[in-house]
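Chemist: Given chain A, work out where chains B and C should sit, using these hints.
Chains as they are written, first to last, in our numbering: chain A, 139 to 392; chain B, 23 to 360; chain C, 7 to 386.
Hints listed in this document are in silico derivations from the structure and should not be mistaken for laboratory results. Backbone N, C-alpha and C define an ideal beta-carbon position, used for all residues, glycine too. Only true hints are included.
Taking CB as the label site, the calculated pair distances span:
#1 320(A) with 341(B): 39 to 47 Å
#2 263(C) with 286(A): 21 to 29 Å
#3 211(B) with 305(A): 28 to 36 Å
Calculated pairs, DSSO-like style, for lysine-lysine (alpha carbon to alpha carbon, straight line, at most 27 Å):
#4 343(B) with 259(A)
#5 280(B) with 195(C)
#6 256(C) with 153(A)
#7 95(C) with 334(B)
#8 141(A) with 190(A)
#9 195(C) with 206(C)
#10 190(A) with 244(B)
#11 167(C) with 334(B)
Covered by chain C, according to a simulated footprint, are these stretches of chain B (three or more residues, beta-carbon under 8 Å):
#12 150-161
#13 318-325
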Amino acid sequence: MLKIDHLTHYFGGLKAVEDFSIDIQPRQMIGLIGPNGAGKTTIFNLITGVYKPTQGHVYFDGEDLTGFKPWRITQHGIVRTFQNIRLFSTMSVIENIMVAHHFRMKAGLLASILRLPSFIKEERETREMAAKLADIFGLSDVLETPAGSLPYGRQRRVEIVRALVTEPKLLLLDEPAAGMNPKEALELLALIKKIAEDFKLTILLIEHQMPVVMGVAERIHVLDFGRTIAVGTPKEIQNHPKVIEAYLGEGAKL
Amino acid sequence: MKKLTNKAVLFAILGLVVVYGIVTILHQNHILNDYIMRIIILMMINAILAVSLNLINGFTGLFSVGHAGFMITGGYVAGFITTLVFKVTAETPYYQALPMFVIAILAAGAVSALVGFLIGLPVLRLSDDYLAIVTIGFGEIIRVIFNFISFKVDKGGWVQDVGGPRGLSGIPLLSNFTLVMIVFVLTIIIIRNFIYSRHGRACIAIRENEVAAHLMGINITKYKVMAFVLGSTFAGVAGALLAHIIQMLHPTMGGFMKSVEYLIMVYLGGMGSISGSVIAAFGLTAVSEFLRPIGELRMVLYGVLLIILMLKMPAGLMGRKEFPFLVPLKERQIHAKN
Amino acid sequence: MEVFLSQFIFGIQRGTIYALIALGYTMVYGVVRLINFAYGEVFMLGALFSFFIIQLMPLPPVLNVIVALLVPMALCAILGLAMDTVAYKPLRAKPRLAALITAIGVSFFLSNLVSYIGPDSVRTVSVLLFATAGLVILMTLSQKLFNFPKVPKSTGINWLKRSIMVGSLCLLGAVAWIAKPALALLRWKGSSFTAFPVDKLFEVVKYPIFGSVYITNVQIVIIIVAVVLMVALSFLVNRTMLGMAMRASKNNKEAVSLMGINVNSVIAFTFIIGTALAGAAGVLSAITYPRITAFMGIQPGLKAFIAAVLGGIGSIEGAMVGGIIMGLAEQFAIGLAPSSFGAAHIDFTPLAEGISFAILIVVLLLRPQGIFGEPPQDKV
Chain A
139 MLKIDHLTHY
149 FGGLKAVEDF
159 SIDIQPRQMI
169 GLIGPNGAGK
179 TTIFNLITGV
189 YKPTQGHVYF
199 DGEDLTGFKP
209 WRITQHGIVR
219 TFQNIRLFST
229 MSVIENIMVA
239 HHFRMKAGLL
249 ASILRLPSFI
259 KEERETREMA
269 AKLADIFGLS
279 DVLETPAGSL
289 PYGRQRRVEI
299 VRALVTEPKL
309 LLLDEPAAGM
319 NPKEALELLA
329 LIKKIAEDFK
339 LTILLIEHQM
349 PVVMGVAERI
359 HVLDFGRTIA
369 VGTPKEIQNH
379 PKVIEAYLGE
389 GAKL
Chain B
23 MKKLTNKAVL
33 FAILGLVVVY
43 GIVTILHQNH
53 ILNDYIMRII
63 ILMMINAILA
73 VSLNLINGFT
83 GLFSVGHAGF
93 MITGGYVAGF
103 ITTLVFKVTA
113 ETPYYQALPM
123 FVIAILAAGA
133 VSALVGFLIG
143 LPVLRLSDDY
153 LAIVTIGFGE
163 IIRVIFNFIS
173 FKVDKGGWVQ
183 DVGGPRGLSG
193 IPLLSNFTLV
203 MIVFVLTIII
213 IRNFIYSRHG
223 RACIAIRENE
233 VAAHLMGINI
243 TKYKVMAFVL
253 GSTFAGVAGA
263 LLAHIIQMLH
273 PTMGGFMKSV
283 EYLIMVYLGG
293 MGSISGSVIA
303 AFGLTAVSEF
313 LRPIGELRMV
323 LYGVLLIILM
333 LKMPAGLMGR
343 KEFPFLVPLK
353 ERQIHAKN
Chain C
7 MEVFLSQFIF
17 GIQRGTIYAL
27 IALGYTMVYG
37 VVRLINFAYG
47 EVFMLGALFS
57 FFIIQLMPLP
67 PVLNVIVALL
77 VPMALCAILG
87 LAMDTVAYKP
97 LRAKPRLAAL
107 ITAIGVSFFL
117 SNLVSYIGPD
127 SVRTVSVLLF
137 ATAGLVILMT
147 LSQKLFNFPK
157 VPKSTGINWL
167 KRSIMVGSLC
177 LLGAVAWIAK
187 PALALLRWKG
197 SSFTAFPVDK
207 LFEVVKYPIF
217 GSVYITNVQI
227 VIIIVAVVLM
237 VALSFLVNRT
247 MLGMAMRASK
257 NNKEAVSLMG
267 INVNSVIAFT
277 FIIGTALAGA
287 AGVLSAITYP
297 RITAFMGIQP
307 GLKAFIAAVL
317 GGIGSIEGAM
327 VGGIIMGLAE
337 QFAIGLAPSS
347 FGAAHIDFTP
357 LAEGISFAIL
367 IVVLLLRPQG
377 IFGEPPQDKV
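Extracted from the complex, chain A is given alone in its bound form:
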């Protein structure tokens, strides 16, 4: 489904990502871990078109998406959340969600300005759908609240809902549980896993808390200084000498 071939990216003279390859099959849940500055978020930026890769290609459903604008990549069915939350902060939660459904909606400019019945029907359906999805993530009490005024954890949930309403095939989650305690994190991940099954999603997940990612991912790629140092099941990764070496400096418990 997603196939990345020898992706390399430089920032000036600095190699942020080097020779990264991955092959993700539909409905898989893959983890991407590594110490700070290992190049995980850069890979997301390369997949979603925020950066253009120096070398290498990104294929999705057999199509070469390398060099596409971000919005086109999203319309192809790849969507992401952000490590540092990027909500439309003065818009209400429900509008944040509805914005992301934008390109799935059909009402043209004229229909919108004349407020034709087709436009009203579509707006209403979108609103209903957004409210329903928000409800699954426990956001139904804050639909009309400006997204920026919510606590951190709930903002992350809004981001995930917002990503889901683009009706993606592949969901890229950038540290969705950051700032949560392990219990909350596990709860959220369980929810994500359930959603992935309900919506037939494929997920690529960046995560810092090792137990969280160990519990849900079926395969894990480990990055260090932009290079892939290990690939395998959570068990294999846990005992991989290179991974232990890379993480020891950080003192992460494996």
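Modeler: Frame of chain A; chains B and C shown alone:
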């Protein structure tokens, strides 16, 4: 499901009809003289300009300082059409002149839209500072161009220069209260409906967080250009109306100084509030007529006002709040249920 | 060839003036990412101050030139500092757009104020200033006595700040009151244009260089002064501690403040230098085109900004090179555009005025970062 009717809209329509009736009756009985009617018309024209600029600056978060340039473009286009193409004069009966004027207004809007598109497409890919400077530059180019464009018109024996540095004069008085009010109300309705649609939501999302909007599948260049072109179109229409009430145009009217006046209206009213722009445009137009005795000092005070607004009152009068009738409810009924 | 050469000399002269203003734009933009639109007005005020000084001082010509250049520079620098403190500093933490709008407000205010002030109207300004001072006093008293308008208990009244405010308002009011006869004496007319008395500074001498091409002593002085100022600036930026702090603030303001350097004073210095240069440009320009109006700064201000963009905004070399290129391009366009074309005798010179904006559009399309600029990197 409880049927929810937007009572505010009904009241607003009723209010409009009443205001229209009262003003017309008072005017016919000479209680409101032509001078006051002219101020009322200017208030509405300025409101069209402020609201359309707010669509660009307030709702989409672009920073255009060239609104007067689009206005004057529309004004010249309409003025040339009525005076040179249709040769409307003060003697032309109104029922004959009106359809010609409507054509001129539409042409003015179309040309301004085209110019907005040509400027917006290359520049809107860059950051906001560049847009500011290019739009200021645009105002200057417009001045240069209308200084350049002039015609020699044969007026039964003697040749008259039209246009060029001395401006365009002798434009027939065609903007009356009814017509301007219709255009004003239509503008408000169109911009309100645009903002509360998926298109308007996309524009607001771009203002809030451009990167996130981009990654949620919104073609940001397309929507920036759309907002910019829509705003320019209304500026052109307003220019056409303005030309036919003040009856003369001058190339410098499209410049930086005039654009700043509209910026002040937008920021005074509140960025991202249609209601605010209307209030500010009405208020400032009326006040500046009232302040006419102090002359140019008015402009000095405008400068101070803009600085104080930014320093002490960045949200303006209304912030992002709207009058209830400017917020559509019909599609929100599922909400009321919860 | 002769036409070319003489246009070239005029172009360089025009270009050095653009370059001087562009330096202000580019330095401030480099440090605080603010386009200070008001540089055009500083330029105008530089010319105006110089005009007043020449009218006031019966000095021998050589000394007069120096005084008429340095004093306006100093006055403009003070103005730059005041601008930064009052209008921009409070907005440092706010979105960039806010400061940009304030800058437009400052520009609008200054040009219209100068246009308004003349012998007939200056006392109105004086009354207005006193009235504002009175209003501040009244508000302070009502706040003290009735707590109106309501302020939280914790934020008391800053008496020192209020006193300074009232004091300076009254001082300005008094100055404006006294200024009436002075302005009449100086023959400053306000809104209409005023001729700059070049003859009190120079007796124009033409030196032939090639055929009918000549260069005047005025042009030589302008080019020399501009070059000296630019060399001094390069020295300041590249060889002194202050310059180092400026260059460092461009890259990372947090790191600079962690080094124990007060970033705000670095920014203030940047404003001071930029406005002094713009003031100098105003004086030099008034010597060449001896007419002063309140709105004379708008066009050069815009064109200098375009020069800064052309050179790469944020880059000092870029501003110098961009300014010269702009000056040359404009001079050639104006000098070579046909003033009578075809059977209808269409005059193309008005269109040549627009060449700078055509340059801007081309630069933005082909190389938005300018000649010396680096492409922007946005972070996600």
